[in-house]
Amino acid sequence: MTVLGITEHRRGDLRDVSFELATVGRELADATDSELHLAVVGGEVEAFADDLDREGVDVVHTVDEGEEFNHDVYVQAVEALHDDLDPDVLLMPHSVNGLDYAPAVASRLSLPFVTDAIGVHRDDGLAVTREMYGSKVETVVDVDADRVALTVRPGEWPPVEGTGDADVSAFEVDVDESQVRSTVTGFEEVGGGDVDITDADVLVSVGRGIEEEENLALIEALADTLGATLSSSRPIVDNGWLPKNRQVGQSGKVVTPEVYIAIGISGAVQHVAGMKGAETIVAINDDPSAPIYDLADYGIVDDLFDVVPALIEEFGGEPPEV
Amino acid sequence: MKILVTVAEVAEVEDDFEVDGLGIDERYLTYDLNEWDDYAVEAAVGIQEAGEDVEVVSVTVGPERADETIRMALAKGVDRAIRVWDDDLASTEYLDSTTKAEVLAAVAAEEEPDLVLTGVQSGDSAFGATGVSLAERIGFEWAAVVNHLDYEAGDDQASVRRELEGGVEELTDVETPAVLTIQTGINDPRYASLRGIRQAQSKEIAPKELADLGLDASATEGAVSLTELYEPETVSDATVYEGSSEETAGQLADLLRDKGVVEG
Numbered sequence: 001m002t003v004l005g006i007t008e009h010r011r012g013d014l015r016d017v018s019f020e021l022a023t024v025g026r027e028l029a030d031a032t033d034s035e036l037h038l039a040v041v042g043g044e045v046e047a048f049a050d051d052l053d054r055e056g057v058d059v060v061h062t063v064d065e066g067e068e069f070n071h072d073v074y075v076q077a078v079e080a081l082h083d084d085l086d087p088d089v090l091l092m093p094h095s096v097n098g099l100d101y102a103p104a105v106a107s108r109l110s111l112p113f114v115t116d117a118i119g120v121h122r123d124d125g126l127a128v129t130r131e132m133y134g135s136k137v138e139t140v141v142d143v144d145a146d147r148v149a150l151t152v153r154p155g156e157w158p159p160v161e162g163t164g165d166a167d168v169s170a171f172e173v174d175v176d177e178s179q180v181r182s183t184v185t186g187f188e189e190v191g192g193g194d195v196d197i198t199d200a201d202v203l204v205s206v207g208r209g210i211e212e213e214e215n216l217a218l219i220e221a222l223a224d225t226l227g228a229t230l231s232s233s234r235p236i237v238d239n240g241w242l243p244k245n246r247q248v249g250q251s252g253k254v255v256t257p258e259v260y261i262a263i264g265i266s267g268a269v270q271h272v273a274g275m276k277g278a279e280t281i282v283a284i285n286d287d288p289s290a291p292i293y294d295l296a297d298y299g300i301v302d303d304l305f306d307v308v309p310a311l312i313e314e315f316g317g318e319p320p321e322v
Numbered sequence: 001m002k003i004l005v006t007v008a009e010v011a012e013v014e015d016d017f018e019v020d021g022l023g024i025d026e027r028y029l030t031y032d033l034n035e036w037d038d039y040a041v042e043a044a045v046g047i048q049e050a051g052e053d054v055e056v057v058s059v060t061v062g063p064e065r066a067d068e069t070i071r072m073a074l075a076k077g078v079d080r081a082i083r084v085w086d087d088d089l090a091s092t093e094y095l096d097s098t099t100k101a102e103v104l105a106a107v108a109a110e111e112e113p114d115l116v117l118t119g120v121q122s123g124d125s126a127f128g129a130t131g132v133s134l135a136e137r138i139g140f141e142w143a144a145v146v147n148h149l150d151y152e153a154g155d156d157q158a159s160v161r162r163e164l165e166g167g168v169e170e171l172t173d174v175e176t177p178a179v180l181t182i183q184t185g186i187n188d189p190r191y192a193s194l195r196g197i198r199q200a201q202s203k204e205i206a207p208k209e210l211a212d213l214g215l216d217a218s219a220t221e222g223a224v225s226l227t228e229l230y231e232p233e234t235v236s237d238a239t240v241y242e243g244s245s246e247e248t249a250g251q252l253a254d255l256l257r258d259k260g261v262v263e264g
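From first to last, the protein sequence lines stand for chains A and B.
In terms of UniProt numbering, the first sequence opens at residue 1 and continues consecutively.
In terms of UniProt numbering, the second sequence opens at residue 1 and continues consecutively.
Derived from the structure by calculation, the hints contain no laboratory data.
Among the hints, a few may not be true.
Chain A is faced by these chain B residues, among others (derived, beta-carbon under 8 Å) [claimed, not checked]:
| hint | residue |
| --- | --- |
| 1 | Val13 |
| 2 | Val54 |
| 3 | Ala135 |
| 4 | Ile138 |
| 5 | Gly139 |
| 6 | Leu164 |
| 7 | Glu165 |
| 8 | Glu169 |
| 9 | Thr184 |
| 10 | Asp188 |
| 11 | Tyr191 |
| 12 | Glu221 |
| 13 | Ala223 |
| 14 | Val240 |
Restricting the straight-line Cα-Cα distance to at most 25 Å, the calculated cross-link-like pairs of lysine-lysine (DSS-like) are [said to hold, decoys possible]:
| hint | chain 1 | residue 1 | chain 2 | residue 2 |
| --- | --- | --- | --- | --- |
| 15 | B | Lys203 | B | Lys2 |
| 16 | B | Lys259 | A | Lys253 |
| 17 | A | Lys276 | A | Lys253 |
| 18 | B | Lys259 | A | Lys276 |
| 19 | B | Lys208 | B | Lys2 |
The C-beta atom is built at its ideal place from N, Cα and C for all residues, glycine as well.
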């Protein structure tokens, strides 16, 4: 039997999720004494294959089609690989690009499909752990089928390490160009702006708990008092209250300050992906079960509108009326 | 032209709640329009307002309770709505993205839209798969996680930006008809006006059952089943400051002084 993982790259580099996917792939393969095959589609496939040749990887398939991700090509390539290898488990990343092709592959191949896996257990069948309701609960779903497609949440498994002795095999796909109906025309970095939050030693970061745009003045005052840089979670940017260059998270910036003060931030997985590398994390949130506390080093479970003014006053500042 | 926009009513869980078997006790749930779908509705209505002769139709897979949420979409400018539900769907323990996509595909086959807009994901089950799965089923092109849309009614192509990780956006041209999954932040969803809310009362919400769409109970049968639902174990080892707001602020101030963030 075979476990097949589809790796991901962007602008010349394999993304970390590729190596994490290899780890979960090996875990699944070991449970049934199967082989782990990885595939890389497009870009510098031979160089990528060298990098993917790590411990526990049996075969790396290279599909030399295109430079960058195109979901129409990926769907055809993965379908062809699946037809050829007949894997019992097909693994794809639960990344933005994974979301752009994995559902189509699963649908086309009529495979049972489970997304955003944070845990897997394989015995007689396959059990997949995933979250619901904004990470407030975990669920286990059982898959009763011989073949399955899964997407795997980035950052949940350690990347596979060590040098391997995988076979590298070029895989030819006869791409039907008439089915390529989207064209990637470029990439753009967003939110350069006046401030680079990735440079900051101290970040005061604000989330949905601030409730109203007018209340941001309070957090700005704290940042000024501390000589810190102001950043935010996604909803603040979505509301247009702060520019995109201030957004910390999966689709924003990854930051590693010495001190990260999360105010009114619940700690959704997309946000955590951007700030978990901070040296010291402080959370101020009135919900004691907020996921941010799983990560925080220090916490104040209280109303931010009471704590933040008091903190500003501690340093001789004058909190604005909000 | 016609735009079909998928609208889900999602459950939100209170901070404190109790698990009841494979679900959460109803006492701790509130229902609302899925956040991502709110942006999809706004995108659809925006295209309608900028063009001529554009009909916006919403489709929901959900029980009668969802009508309240659907009315909000109607109040924001959706012309009419379809809601699919029956005993087979009601008795489906795990309504996954495959089942939803199958039902929505049957609606799309009837409505023959030129463009379909969906939210990237639903706030409760968070599969993130329904839109692209739907596109594949109905033979439409697609783009996932769209945070900027350049499209005018009748265009044979949509230019989109897809929000990748790490502050990078991908610029992509997509042939229409297409399914676009809409990311939050793409626009500024309007509030329903009082006039809109009044008008919504007279707009149609057409109830449909699987049989009306040429489907039967087999559409709800899948190989994936929910077997456990539980609160995750908290793994926090944070030092939580205790006391009044002034006291906790004082303790945090001491920490920040110790860390050298602030002098004095």
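Status of the hints after comparison with the structure:
{"no.": "1", "hint": "Val13", "in the structure": "5 Å, holds"}
{"no.": "2", "hint": "Val54", "in the structure": "22 Å, violated"}
{"no.": "3", "hint": "Ala135", "in the structure": "7 Å, holds"}
{"no.": "4", "hint": "Ile138", "in the structure": "10 Å, violated"}
{"no.": "5", "hint": "Gly139", "in the structure": "10 Å, violated"}
{"no.": "6", "hint": "Leu164", "in the structure": "5 Å, holds"}
{"no.": "7", "hint": "Glu165", "in the structure": "5 Å, holds"}
{"no.": "8", "hint": "Glu169", "in the structure": "5 Å, holds"}
{"no.": "9", "hint": "Thr184", "in the structure": "5 Å, holds"}
{"no.": "10", "hint": "Asp188", "in the structure": "7 Å, holds"}
{"no.": "11", "hint": "Tyr191", "in the structure": "13 Å, violated"}
{"no.": "12", "hint": "Glu221", "in the structure": "11 Å, violated"}
{"no.": "13", "hint": "Ala223", "in the structure": "4 Å, holds"}
{"no.": "14", "hint": "Val240", "in the structure": "5 Å, holds"}
{"no.": "15", "hint": "B:Lys203 / B:Lys2", "in the structure": "17 Å, holds"}
{"no.": "16", "hint": "B:Lys259 / A:Lys253", "in the structure": "24 Å, holds"}
{"no.": "17", "hint": "A:Lys276 / A:Lys253", "in the structure": "12 Å, holds"}
{"no.": "18", "hint": "B:Lys259 / A:Lys276", "in the structure": "18 Å, holds"}
{"no.": "19", "hint": "B:Lys208 / B:Lys2", "in the structure": "19 Å, holds"}
When each numbered hint is compared with the structure, violations occur for hints 2, 4, 5, 11, 12.
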